[in-house]
Structure formats: structure tokens, C-alpha cells
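Protein chains: 2
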Amino acid sequence: MDLLLDTPLDMHLHLREGEMLGLVAPFSAAQFAGGVVMPNLVQPVDSLERVRAYRAAIAATCGTTGFAPYMTLFFRDYTSQDLAEVKDEIIGVKLYPAGITTQSEAGVRDFDRIGATVALLEELDIPLLVHGETGGFVMEREQEFLKVYQWLAETFPRLRLVMEHITTAAAIEFLDRFDQVAATVTLHHLLITLDDIAGGLLRQDIFCKPIAKTPRDRDALRQAVLAGHPRLMFGSDSAPHPRHKKERLGCAAGVFSAPVALPALAELFVEAGCAEHLPAFVSANARSFYRIEPPAKTVRLEPIAWRVPDRYGEVTPFLAGKTIGWGVKAPHPSQF
Amino acid sequence: MDLLLDTPLDMHLHLREGEMLGLVAPFSAAQFAGGVVMPNLVQPVDSLERVRAYRAAIAATCGTTGFAPYMTLFFRDYTSQDLAEVKDEIIGVKLYPAGITTQSEAGVRDFDRIGATVALLEELDIPLLVHGETGGFVMEREQEFLKVYQWLAETFPRLRLVMEHITTAAAIEFLDRFDQVAATVTLHHLLITLDDIAGGLLRQDIFCKPIAKTPRDRDALRQAVLAGHPRLMFGSDSAPHPRHKKERLGCAAGVFSAPVALPALAELFVEAGCAEHLPAFVSANARSFYRIEPPAKTVRLEPIAWRVPDRYGEVTPFLAGKTIGWGVKAPHPSQF
Numbered sequence: 001m002d003l004l005l006d007t008p009l010d011m012h013l014h015l016r017e018g019e020m021l022g023l024v025a026p027f028s029a030a031q032f033a034g035g036v037v038m039p040n041l042v043q044p045v046d047s048l049e050r051v052r053a054y055r056a057a058i059a060a061t062c063g064t065t066g067f068a069p070y071m072t073l074f075f076r077d078y079t080s081q082d083l084a085e086v087k088d089e090i091i092g093v094k095l096y097p098a099g100i101t102t103q104s105e106a107g108v109r110d111f112d113r114i115g116a117t118v119a120l121l122e123e124l125d126i127p128l129l130v131h132g133e134t135g136g137f138v139m140e141r142e143q144e145f146l147k148v149y150q151w152l153a154e155t156f157p158r159l160r161l162v163m164e165h166i167t168t169a170a171a172i173e174f175l176d177r178f179d180q181v182a183a184t185v186t187l188h189h190l191l192i193t194l195d196d197i198a199g200g201l202l203r204q205d206i207f208c209k210p211i212a213k214t215p216r217d218r219d220a221l222r223q224a225v226l227a228g229h230p231r232l233m234f235g236s237d238s239a240p241h242p243r244h245k246k247e248r249l250g251c252a253a254g255v256f257s258a259p260v261a262l263p264a265l266a267e268l269f270v271e272a273g274c275a276e277h278l279p280a281f282v283s284a285n286a287r288s289f290y291r292i293e294p295p296a297k298t299v300r301l302e303p304i305a306w307r308v309p310d311r312y313g314e315v316t317p318f319l320a321g322k323t324i325g326w327g328v329k330a331p332h333p334s335q336f
Numbered sequence: 001m002d003l004l005l006d007t008p009l010d011m012h013l014h015l016r017e018g019e020m021l022g023l024v025a026p027f028s029a030a031q032f033a034g035g036v037v038m039p040n041l042v043q044p045v046d047s048l049e050r051v052r053a054y055r056a057a058i059a060a061t062c063g064t065t066g067f068a069p070y071m072t073l074f075f076r077d078y079t080s081q082d083l084a085e086v087k088d089e090i091i092g093v094k095l096y097p098a099g100i101t102t103q104s105e106a107g108v109r110d111f112d113r114i115g116a117t118v119a120l121l122e123e124l125d126i127p128l129l130v131h132g133e134t135g136g137f138v139m140e141r142e143q144e145f146l147k148v149y150q151w152l153a154e155t156f157p158r159l160r161l162v163m164e165h166i167t168t169a170a171a172i173e174f175l176d177r178f179d180q181v182a183a184t185v186t187l188h189h190l191l192i193t194l195d196d197i198a199g200g201l202l203r204q205d206i207f208c209k210p211i212a213k214t215p216r217d218r219d220a221l222r223q224a225v226l227a228g229h230p231r232l233m234f235g236s237d238s239a240p241h242p243r244h245k246k247e248r249l250g251c252a253a254g255v256f257s258a259p260v261a262l263p264a265l266a267e268l269f270v271e272a273g274c275a276e277h278l279p280a281f282v283s284a285n286a287r288s289f290y291r292i293e294p295p296a297k298t299v300r301l302e303p304i305a306w307r308v309p310d311r312y313g314e315v316t317p318f319l320a321g322k323t324i325g326w327g328v329k330a331p332h333p334s335q336f
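Chains as they are written, first to last, in our numbering: chain D, 1 to 336; chain A, 1 to 336.
By construction, these hints were calculated from the structure, which means they are not laboratory data.
Among the hints, erroneous ones may be present.
Copies of the same chain look alike in the list, so a pair counts if it fits in one copy or across any two.
Stated by the list, open to error - Here are the simulated SDA-like pairs of lysine to any residue, each with C-alpha atoms no more than 25 Å apart in a straight line:
no. : residue 1 : residue 2
1   : 322       : 136
2   : 322       : 267
3   : 322       : 135
4   : 322       : 300
5   : 322       : 20
6   : 87        : 284
7   : 322       : 100
8   : 297       : 274
9   : 322       : 137
10  : 245       : 206
11  : 147       : 137
12  : 322       : 302
13  : 147       : 136
14  : 147       : 195
15  : 147       : 199
Build the full structure now, drawing on both the sequences and the hints.
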């Protein structure tokens, strides 16, 4: 039996720019009603002007597909006037610790100095989206960062706070302590652990940040998502890199999952007997938390197996070469 | 002031075969008086005939360098006669769990069935060298395997047992419980953690098995080695792969450290103010545990900085491009 998804949303998405934008955005536009677009371009999207220019570039690529790009602003010190001007054009402000992931060098170096801007976000009711990792040991970075989340949640109790791409059982536990906090979960962190990356041969193609953690962590994420946790939202963190950046020594972190996200989620939820919770995870929870009304779009998933291509253009997708038991009707841009 | 090392030994070494043997063995032969040669060739070294053939191939490569190859036999079911015949030609028998690392497919699948052969090793006083990892989660494999070590140590109390290339604080603690157990420690596990491999860009060149663990684990190894633990022996686990196996998607595990091992160890011990414990770690502890008398060879280390080449032939060495503050007098085969 087909699954009909009402207005699926990808609440954490890297569309890149230039040629790569042209390659990858159509995949998201074909399968999602909208997506939260991350601002960590080579030049961070950190002004109203840049938000508008990036939105225009995305619109030019996605055309009339009915895809709503929910723009984000790169966190730095902003004035009240800055934020008031940009507020209607963004869904939130995205905070990166400096240097923690791809193109995050302009991020926060001193968390003691972010209070004034965060207070403005709370006052203006602009959500704060956070890449929550310290610079500590790679397997412990997210858990160590929970103290920053706690400080934010306690100091700014009316701030809507999003823990992005959570990967640990500890983050799930933390989420339950604060009603104003939500989190995104990727597809790949529901499927893989560090074992898949480094347990056999080293798999550059699925190397990502935050790094995939332990089986216990993955199970905690799965359990919460499949049980229909009301503040967990799907965010693919689809982050394409061209082959030469994945295959070189010193491989870039990122998994391009946009083309496979909904089919693989359908397979996961159906096999677990939890298909009734998929619509909340991929749409309703996000609409409720962010108070958004995306353009209506129904996506039909069919239980028809397909083999994920080895590459789309110069990008290896997540699950390349694997067979997925569910497919999206008319899933791909016309050139593929 | 120069450091003079009396008869340095590398107690865990992959010399490979064919062209690769010709490339890498001279590095070990130039800097070490002898080394324990691992038997996991494409065709495992699992008979007297193969031990002799492999020894001859190594001798042909190392010539008159005064390098003693201490041969090992790949663990499988052996009869008392098999082992009695080969005993004088080997230093020990090397056990691999099946499929746990490079060319280990012929290893042990069922530990309940190894008792008879292990009893023979105990009776004949042939040391058992073990790659101690389960097939569990990559960061926990060594710790999970400690129960097998415990069973071996308790069931065969006169067996000389070597925990190869240990990487965890738990292994150090275990070692102190059984006097008849020793362990090898690599250079790279004294220097790196998982952070170095996967904390920034993904570093295929230093991807190894067992995977490098946490800072706490590395610190425990360092502390025990630098304090002169009498049953810790240096074993490089130098494991060269040609570039195409390290740079491809699905990268092979192994670090080629033979050319840099003694200089980097000298630097580590001297900087920690523990130079007096280096001779035991790289020679005396192994001579005592294995009761061997290698051909005398003095190696002179000088406090002269040198830059590690990016490649030796088709192999990227450990610490490629880095500067080491100590060098071995006449360290390299003549062609480099």
C-alpha cells in the first residue's frame, strides 16, 4: 500500500551554492515541500542582503516546484535592528562553534560573549538553531556540549532552541527536560554507527560530523523517533561534497542523503511497524514547533524497490548501490 | 647527547611479501636487531614449510644486515608433532579471530574449540600471540576480548601469552593481574587517538586496527610505557599498504611506522624525561619474556631533526611530512 505524506519537510539541509546548488537542490525540491537551508557558505549568510541573494539563487534553481526554502542567518553579534529587519525572511539563526565543521571558521569562539545576541533572539521570538559540539574528543563532543544547551535553556527560557543533528542517547534524555527545546535527527544517524565507518575498511563516503556514535546511541535515537517523540524533527543534514573532496587523503565530512531520505525513512518506519509516526517526524512536529505553514504538497511513496545510483553527477549519495524497498513517485529531477 | 640502544627489537611487524617485502624489510633491518614477523600473508604461514620459505624470502631481502626475523606460525588446529617440529623455527604462534583485520579470514571462528591446541602450546612452552578483538563495536572490541584473555590466562597458567598491540586503559589494568602475560604497544597508539583520525578531516593514512581509542586510553598506555612497565614490549605493528589501498574509497587499515619508530620513540621518551626506560621497552623486556638472545647490534640515535618523507616508494609512512627531533644514524636503506 502506498504511503501519502502531507507536506514533508527537511529541517536541516545544505544546498551549497553555484554548480553544486544546481545539482542538489532539485532533489530536495522534488521530494519535500520545504527545507531549512543552512547558512555556512564559503561566505557565511550573515546579513539580510545575503539571505535575499541566497534565497534568490535557490528559487532560480528550484523554479516552480513548490519548494519553500526556510532561510537561516549565520550567528554572530547582531543588533536589535539587524534582527528586526531580517526576522520575516528567516526561520531562525544558526550557531556554529568556530571550526567545528565545514565552513564554520566564522562561528563562535567565546560562548561567554553570545548572551546579548541570544537575548535579542528570545525577545524577538527567533528560534536559535545550534550545532552542538565542543572541540573535545570526537565521540564526546555532543555530550560535552549539553552544558551549553542547559545554560541556554535555563538562561533564556522563552527561546525556541533547536539541537541540530543529535546523535546520542544523552541528547534524547536532555530534550525531555525542556519543553521549549526541539531537535533534528538525520537519516544516517538512525542507520549507522561508528562501526559502519571504521569497523571494517574505512568508509569515507559515510564519514560525517557529528560522527556517528555507538549502537546504544543509535538505538536511543531510533526508539525516540519511531515512538513519535513530538519534538524530534527530520533534518537530513544532507551535505554533498564532490568526489575529489571525499576521495582525497583528508576526506571532507558530509553525507548526501537528500535523494534517498524519504524512501529510506519509509522503509525504517514501516519495517518497525511505526508508519503512523512518520508524518509527525517529517512534517507535523516541525510545523508545530516553528509555527510554519508550508505550501501544501503531497508526496506518494510506493513499496517498489530501487537501487540507489553510485553517483549523481560528481556526488556519491548515501546508500549508493544499496536497494531501498520504497520509492518516491517522480522522485528525481528530470536529468537523472 | 646521543642515545645508544643495545639490540633494539620490534616485537610485532608486518613485512608482507614480494615487492612490498623488498621495499619495507630493509627499513626494519637497518634500525632493529630483530623483529617478530606476523604470519598473515595472503596464504597464511601455517606450516613448517611456509615458515622456512618466508624466512628465506626475508633473509634474501635483508642480506647481511644482522637482522633476526623471529617467525610466527598462524594459529589453527595443530598436532603435538606439528608443533614439536616447528618449535625451534618460531618464536610463537599468532592467533587471529577470523576476519578481524587484514588477511585474517583463516583465523579462529569458535573459541570454544581452540583449547586442545592451546594446551599443546602450554606444554611445549611456545608463546601464544593474540590479536585480541571481538567482532563487537569498534571502540569496545579490545575491552570485550579481555574475557578471552582471562580464560586463557586462568585455564593455561603456564602459557606465555602476549596481548598484541594493546590500545586501552583496561588492557593495562588486565596485564597487571597475570605475571605470565605480556603485551606489545605500537608507536602510533602512544601518539594518536580517534580524534586524530576522525576529529577533523578523515585521515586515511593513520587509519589502523585496532582503532586508536580515547585520550584516556592513550594516556594510560603512555604512562605505563614511560614508567618502565616490565611486561610491555615495543611492537610497531608496522603494516604497509600501497597508496591505491589507502586512497581508495574503502581504505585499508594499517600504518607504516618502521622507518620512524625509533626516532619518534626517542623523542617521546626524552621529552617525558624517561629516556632511561627506553632500552627496556625496545629490547630488554622482550628478551626477558621471550628468552631470546638476538645478534648484538648497537643503534645510535642523534638529536638531529629530520623531516619524514611523504612517501617511500608507493607507501605513505606514519608521520609523513612531520619533523622528528631525533634521527637514527644511517637509518635508511641505501636507495632512499
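Open item on the list: Hints numbered earlier in the text: which of these fail when held up against the supplied structure?
Closed with: none
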